[in-house]
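The lines below spell out each chain.
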Amino acid sequence: MSKGGAHVMSGNRSASIGGLREPRWVKVALISITLLLIGLFIVLPLIVVGEHAFRKGFEVFWAAISDDAALSAVKLTLTVALWTVPVNALFGIAAAWVLTKFQFRGKNILLTLIDLPFAVSPVIAGLIYVLMYGTNGWLGKYLDQADITVIFSTPGIVIATIFVTFPFVVRELMPLMQSQGINEEEAAVTLGASGWRVFWQVTLPNIKWALLYGIILCNARAMGEFGAVSVVSGHIRGETNTLPLHIEILYNEYHFVEAFAVSMLLVVLALITLIIKSIMEGWES
Amino acid sequence: MSQWHIDVQNVNKFYGEYHASKNISFQVEKGKLVGLLGPSGGGKTTILRMIAGLEQPDNGSILFRGQEMNRVEPQKRGIGVVFQNYALFKHMTVFDNIAFGLNVQKKSKSFIKERVNELLDLTNLSGLGKRYPNELSGGQRQRVAFARALAPEPQILLLDEPFAAIDAHVRRELRSWLREMIDRLGITTLFVTHDQEEAIEIADQILVVNQGRIEQHGTPIEIYQSPQTDFVARFIGESTQFVPKGIIHGFNGVADGREVLIRPEFVEIGKPNEIALPSAASQGTVRHLYYRGASWEVEVEVGGELLIGNRSVEKSSLKIGDKVSVLVHRLIVFENGKANIVENQFKYDPMPVFI
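Residue numbers (our numbering), protein chains in the order written: chain G, -2 to 282; chain X, 3 to 357.
For the record, the hints were derived by calculation from the structure and aren't laboratory data.
Think of the CB as a built atom: it goes at the ideal place given N, C-alpha and C, for glycine as much as any other residue.
Be aware that one or more of the hints could be misleading.
[Said to hold, decoys possible] Label-pair restraints from in silico Cβ distances:
#, chain 1, residue 1, chain 2, residue 2, range
1, G, Ile28, X, Asp123, 55 to 65 Å
2, X, Tyr134, G, Gln100, 30 to 40 Å
3, G, Ile35, X, Val74, 57 to 67 Å
4, X, Tyr134, G, Ile276, 37 to 47 Å
5, G, Ile269, X, Tyr134, 29 to 39 Å
6, G, Phe88, X, Lys340, 58 to 68 Å
7, X, Ser178, G, Ile28, 55 to 65 Å
8, G, Leu271, X, Gln213, 37 to 47 Å
9, G, Pro20, X, Leu291, 26 to 36 Å
10, X, Lys132, G, Leu68, 50 to 60 Å
11, G, Val95, X, Ser139, 28 to 38 Å
12, X, Glu116, G, Ile106, 27 to 37 Å
13, G, Gly192, X, Glu299, 53 to 63 Å
14, X, Asp123, G, Ile269, 30 to 40 Å
[What the hints assert, rightly or not] Simulated pairs of lysine to aspartate or glutamate, EDC-like, Cα-Cα distance not exceeding 16 Å:
#, chain 1, residue 1, chain 2, residue 2
15, X, Lys321, X, Glu337
16, X, Lys92, X, Glu57
17, X, Lys247, X, Glu307
18, X, Lys92, G, Glu245
19, X, Lys24, X, Glu70
20, X, Lys32, X, Glu137
21, X, Lys92, G, Glu183
22, G, Lys98, X, Glu57
23, X, Lys78, G, Glu183
24, X, Lys34, X, Glu137
25, X, Lys34, X, Asp9
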């Protein structure tokens, strides 16, 4: 047994990790279950989306995605992502920095609050913003006087999306910054570096991969967010519909092929994001 | 201008309720190498970090050349620090690590190149400039950290356990290298260590730090030979401590129920005819023998106590159970936290009885 085991260890490392040596049937069973589930719940739906999108031929597909309302939804979705991602990247770095490098009262409360967007339903997040920034909301009056519309327009959608995607960057950065400590920063300071230089030349290079990973996840979610956005957008076609909302409208109006065609677009955006992520992981290693 | 390069006056530091530095005062002359020695968690690093400006004292002052530094940022103190785990910039090459402080000073490219290469030579790292820290051995990393700290030509060098993470034999080499380097550069240096051998070997002055307090400040010889406190006597060197029940010849009436400390080098063990002053010696029995390569470590029972002494391998060998003469040259008696050194009374007696 030990001889055979040793052979497996040196000959084929993927067969056993460390000292783990599972019987063959366990390995086969686990792999099969994983593949089956991924196939059933992830790969098959993707294929179905593609198949439905092209069911009535390429021309119908093209018409659906080049429709004015669809293009406006694409534009809005990208706009939202363009605002959300930088804002959350900055917020995320700042919050992770504060939470990992300082000790202060109320730190645990802050930690809990950061996870709140994951914990509450996005619909509730949307409702909170309607209550705050809507015409009858707390701040609605003042916003009205200043002639600023938040709810049922782009700013509201951006704010709701920022809320929902807030934890992605922070959660990616925190464990890494925690384990790195502030040693290198202190060394840089004793060498005369200003806070600004310390951040750009020492902190940022050390967290860049986690940051990019967080940004990618944040971006994927920002483009796909439905619940919170649905509440604050008002579903004005050609104006406040993002891609997910546009798809829902098409679907509810029984334009199934068009709905799947636009879905295909969203899927492609998501796949591009994931491909960029895996390319970066390749660079990293 | 003050004669002291570093002058620490009545500094206290609290972490919440915990009193980490208790009324710390000491002075360092320019160009000296000073060791902060003490057990782990005793507050040595806190003192070093306050001098670096990475921690703020709650009260008291820290002066460099007579100028108060308390409100001066670490960037402006003209210090170089070598951290315990070196804290090298992982994503930068050795060259860029060493050049970091020079880039901050906005030196010209050609100057930086020249200075970094000079430091690489000085630290025996020539040819490794393009490597990354994770491609270096522990000793090499330590030297990069040292070169990086020296590059901006600091007035004061602070080292936190500089050799803690290095193999024993490389450590010895690095120690003498460090001593040589500091002598050559004439830079005032403070280093933290829990290793007394290290402190005694390379420091000009030692500060023994325990429980946030400075127990004793002196040269290695003073610290070793005349410990002033209970703690210093116990912490430095090897020793046996006990309250004598029987009589140790030469110390009649000295201990009287108080605790005494005897170091192996205070104890001479020999066959009855080997000891020059038989009147000053006690009788004992050999209980254990340990071969230490350069000498024998002999555990001998005298008056019901086990004493440890060394015996040259050149002398005739002893066996367990042998009756031997034991001459205790001196011992340290503790009284209210103070350590008093007492010499053997009979040793310097002219022994008039025999004349």
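Quiz item: Should the hint that Val95 (chain G) and Ser139 (chain X) are 28 to 38 Å apart at their CB atoms be regarded as holding?
Solution: Holds: the Cβ-Cβ distance is about 37 Å, inside 28 to 38 Å.
Quiz item: Within 37 to 47 Å or not, the Cβ separation of Leu271 (chain G) and Gln213 (chain X)?
Solution: The hinted range 37 to 47 Å is violated for Leu271 (chain G) and Gln213 (chain X), with Cβ atoms some 56 Å apart.
Self-check item: C-beta pair Gly192 (chain G), Glu299 (chain X): status relative to the range 53 to 63 Å that was hinted
Solution: Taking Cβ atoms as reference, Gly192 (chain G) and Glu299 (chain X) lie about 56 Å apart, which means the hint holds.
Self-check item: Assessment of proposed distance window 26 to 36 Å (beta carbons of Pro20 (chain G), Leu291 (chain X))
Solution: violated (57 Å)
Exercise. Starting from the range 29 to 39 Å, see whether the pair Ile269 (chain G) and Tyr134 (chain X) falls in it by beta-carbon distance.
Key: holds (32 Å)
Quiz item: For the pair supplied as a hint, Lys321 (chain X) and Glu337 (chain X), is the alpha-carbon distance within the 16 Å limit?
Solution: Violated. Lys321 (chain X) to Glu337 (chain X) sits at ~37 Å, over the 16 Å cutoff.
Practice problem: Evaluate the given range 37 to 47 Å for the C-beta pair formed by Tyr134 (chain X) and Ile276 (chain G). | Solution: violated (23 Å)
Quiz item: Do the alpha carbons of Lys98 (chain G) and Glu57 (chain X) lie within 16 Å of each other, as the hint requires?
Solution: holds (14 Å)
Quiz item: So the hint says 27 to 37 Å: do the beta-carbon atoms of Glu116 (chain X) and Ile106 (chain G) match that?
Solution: For Glu116 (chain X) and Ile106 (chain G) the Cβ distance comes to about 54 Å; the hint is violated.
Self-check item: Consistency of beta-carbon spacing, Gln100 (chain G) to Tyr134 (chain X), with hint 30 to 40 Å
Solution: holds (32 Å)
Quiz item: Is it true that Ile35 (chain G) and Val74 (chain X) lie within 57 to 67 Å of each other by Cβ?
Solution: holds (60 Å)
Quiz item: Holds or violated: Lys78 (chain X) with Glu183 (chain G), Cα cutoff 16 Å?
Solution: holds (14 Å)
Consistency note: the structure conflicts with the earlier hints numbered 4, 8, 9, 12, 14, 15, 16, 18, 19, 20, 24.
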